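*Asks:* First to last, the protein sequences are chains L and C. Last residue of the first sequence? That's 308 in our numbering, and every number before it is there in order. Last residue of the second sequence? That's 323 in our numbering, and every number before it is there in order.
Since the hints were derived computationally from the structure, they do not count as laboratory data. The structure presented is a predicted model; accordingly, all values stated were derived computationally and were not measured. One or more hints might be untrue.
[Said to hold, decoys possible] Taking lysine to any residue and the SDA-like style, the derived pairs with C-alpha atoms no more than 20 Å apart in a straight line are: (1) C:K17 x L:N125; (2) L:K124 x C:D16; (3) L:K215 x C:M59; (4) L:K215 x C:D16; (5) C:K63 x C:L76; (6) L:K215 x C:K17; (7) L:K215 x C:R173; (8) L:K202 x C:T100; (9) C:K18 x L:N125; (10) L:K70 x L:V23; (11) L:K202 x C:H152; (12) L:K124 x C:K17; (13) C:K124 x L:R221; (14) L:K124 x C:Q14; (15) L:K70 x L:I13; (16) L:K70 x L:I18; (17) C:K24 x C:D8; (18) C:K126 x C:L138; (19) L:K202 x C:V105; (20) C:K81 x C:S60; (21) L:K124 x C:L317; (22) C:K81 x L:I13; (23) L:K124 x C:A58; (24) C:K137 x C:V105; (25) L:K215 x C:N118; (26) L:K202 x C:K17.
[To be verified] Reference listing, derived: stretches of chain C covered by chain L, where coverage requires no fewer than 3 residues with Cβ under 8 Å from a Cβ of chain L: (27) 50-64; (28) 88-99; (29) 115-124.
Virtual Cβ for every residue (Gly too), placed ideally from N, Cα, C.
The chain contents come next:
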Amino acid sequence: MWTYVVRRTLLLIPIFFIISVVVFALIHMVPGDPIDSLLGPGSTAADRVELTAAYGLDKSLPVQYVVWLKKFLTGDMGQSIIEKQPVLDMLVYNAPFTVRLGLASLFISFFVGIFLGIISSAAKNTFIDYISMIIALLGVTVPAFWLGLILMLIFSVTLGWFPVSGSGSLSALVLPAVTVGLGGAGLIARITRVSMLEMFNKDFVLLLYAKGLSKPAIIFRHIFRNALMPIITIFGLRLGWILGGAVTIEIVFSRPGVGSMLLSALYRRDYPVVQASLIALTMAVIIGAFIADIMYAYADPRVRDAYK
Amino acid sequence: MAFLEVKDLEVEFQVDKKPVIPLKGISFEMNEGEVLGIVGETGSGKSLTAHAIMGLSAMSGGKIRGSVKFAGQSLLDLSEKAMQSIRGSQIAFIPQNPMTSLDPVYRVGDQIMEGLLNHADLSKSKAKQQVLDIMEKLNIPKAEHVFQQYPHELSGGLKQRIVIAMGLCANPRLLIADEPTTALDVTVQAQIVRLFKEITVSKGIGLLLITHDLGVIAQICDKVAVMYAGNLVELARIESLFGSPRHPYTQALLNCIPSIGMKQGSLAAIYGNVPSATDCPDGCPFHPRCPHSFSTCESTMPTLIQIEGGAKVACHLYQENQE
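Only chain L is shown next, with the shape it has when bound in the complex:
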């Protein structure tokens, strides 16, 4: 098991290099550069050359990459060309907002999703099942920005329970977290239901009934436990998605966050910021998958043995 964890961790190193090269190449392929945003009206061609040289953008791409990489490895993510502040500081400021929203919505997704999935599978083809699946379908299909606006209209504007926007208090977290969380809940409810229903037909379930176990014991102790694998997969994906996935919601609720920081940096081709935040996002996805892999091994002894 531990060798497996170590091996998976070491694998993160080459993945990091590949991502950094791809990200680097991609941003520079996009037309336009940050100098456009910096140059005021009335600036000359000489100003452009000067500025370009000042940010090292006149060198060839491989050289630029090596310069960037050397700094990155020493913990220096560079300076934002537009904001004139260290990229690291910007990330450190923005990340907690994103992580808070991400974790809160992840909790709502899984709590609501698993609950709906379990009751609808236990009550298959009944009224409860249909209602749960309609809720789940709405969660999957309703666009998050629209849901966010509707919730805002009802709970902030009309009822005045939560602030319309901002990020200062805990109550400001509720609506964005619910908005993002319900979308995930729909997906998780459907996955849980299907995975559980598949388990109901397994031979071992018949023997559990024959042992005289009650239906709740069978469902929670055995069927749910066996239905966990696809739920863990989604958990891993969502965990990685926490950092970057909620861009629209950050904008709808005017919250700071890595997503909105990346978006504004992209508009202005702020290379160091884009580079650093894209790497952070991709690493988050990979770490999410990594955590899911560890959880598989925890949930299923057969997986554990495969890595002995």
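For chain L, the structure is supplied; the task is to place chain C on it using the hints.
*Replies:* Here is chain C on its own, set in the frame of chain L:
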């Protein structure tokens, strides 16, 4: 009064909103400590009989009709809760396929213990000791070690014993074993069959043994019920069944057993297949394959009647004789 009395047991499923009746009203009795074998080809309704007796067919959406009387109680009239307290304690079940009948994510010892703790008010350590005792009785080597293992780490033979241990741990009065040996190597099969006999005889447990293996039946059963297409066609004591089989289907089944010294190519087969529950012929379901069938067989379903010698048979050949 009989220990287990099954009367007109019938199971109905809904397939594409149409009723299908794969078990068509079977009746038999069993005395305490007796070993009754149920034989028949795949699809004859053997397993379904077992599931219906334990009320398990309802889990897959089947409607159970008729009556099952066990030790004075009418099982089909009991609430689900009352049935749960009987399942696994008074009536235990050993499933058809040990390879897939264990929950893959729990240690096998815990799975045996789960059933025991569900019915008996025991401390965990006492329950564990009981489980280890049973495992040792079943000749499971290094029981303490196997207790801690997961199903995928065990061989088929060991899994089979674990499933048997599960059935026996709560000291049942009736054990229903559904093809307990089919998944095993022939060498292990004989061992398991012997084990069954030892345990049931020594503890006085009634055994309802479902199998398509007449060899197994001959080794351990007192009585045999032969099933065909959801019907019981012959019910007889073992000597009578092997000595003078009455129903043409039973005769055909016995002809399918090879014997030493047999001429090459002389092994019989029964022409055709068991009809499916959705497409069953009128009259006696065996008539299209029966060498003795006559006009009545095509229109009227024979009933199970007592004939001389104590056997019961459902065949027009014998009904004619009686009249």
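*Asks:* Next, verify each hint and record whether it holds.
*Replies:* Here's how the hints hold up against the structure:
1. C:K17 x L:N125: Holds, at roughly 14 Å.
2. L:K124 x C:D16: 17 Å, holds
3. L:K215 x C:M59: Holds. L:K215 to C:M59 sits at ~10 Å (cutoff 20 Å).
4. L:K215 x C:D16: At roughly 26 Å apart (the allowed maximum being 20 Å), C:D16 and L:K215 break the hint.
5. C:K63 x C:L76: 11 Å, holds
6. L:K215 x C:K17: Since the Cα atoms of L:K215 and C:K17 sit roughly 26 Å apart, the hinted pair is violated (cutoff 20 Å).
7. L:K215 x C:R173: Cα-Cα ~24 Å, so violated.
8. L:K202 x C:T100: 8 Å, holds
9. C:K18 x L:N125: It holds: about 18 Å lies between the C-alpha atoms, which stays within 20 Å.
10. L:K70 x L:V23: Holds - the C-alpha atoms of L:V23 and L:K70 are around 16 Å apart, at most 20 Å.
11. L:K202 x C:H152: 16 Å, holds
12. L:K124 x C:K17: Holds, because 17 Å separates the two Cα atoms, which is no more than 20 Å.
13. C:K124 x L:R221: It holds: about 18 Å lies between the C-alpha atoms, which stays within 20 Å.
14. L:K124 x C:Q14: Holds - the C-alpha atoms of C:Q14 and L:K124 are around 16 Å apart, at most 20 Å.
15. L:K70 x L:I13: 15 Å, holds
16. L:K70 x L:I18: 15 Å, holds
17. C:K24 x C:D8: 8 Å, holds
18. C:K126 x C:L138: 19 Å, holds
19. L:K202 x C:V105: 13 Å, holds
20. C:K81 x C:S60: 17 Å, holds
21. L:K124 x C:L317: 48 Å, violated
22. C:K81 x L:I13: 57 Å, violated
23. L:K124 x C:A58: 14 Å, holds
24. C:K137 x C:V105: With Cα atoms ~25 Å apart, C:K137 and C:V105 exceed 20 Å; violated.
25. L:K215 x C:N118: 13 Å, holds
26. L:K202 x C:K17: 24 Å, violated
27. 50-64: holds (count 4)
28. 88-99: n = 7 at 8 Å, threshold three: holds.
29. 115-124: Three-residue rule met by the stretch 115-124 of chain C, so holds; n is 3.
In the structure shown, a violation is registered for the earlier hints numbered 4, 6, 7, 21, 22, 24 and 26, in ascending order.
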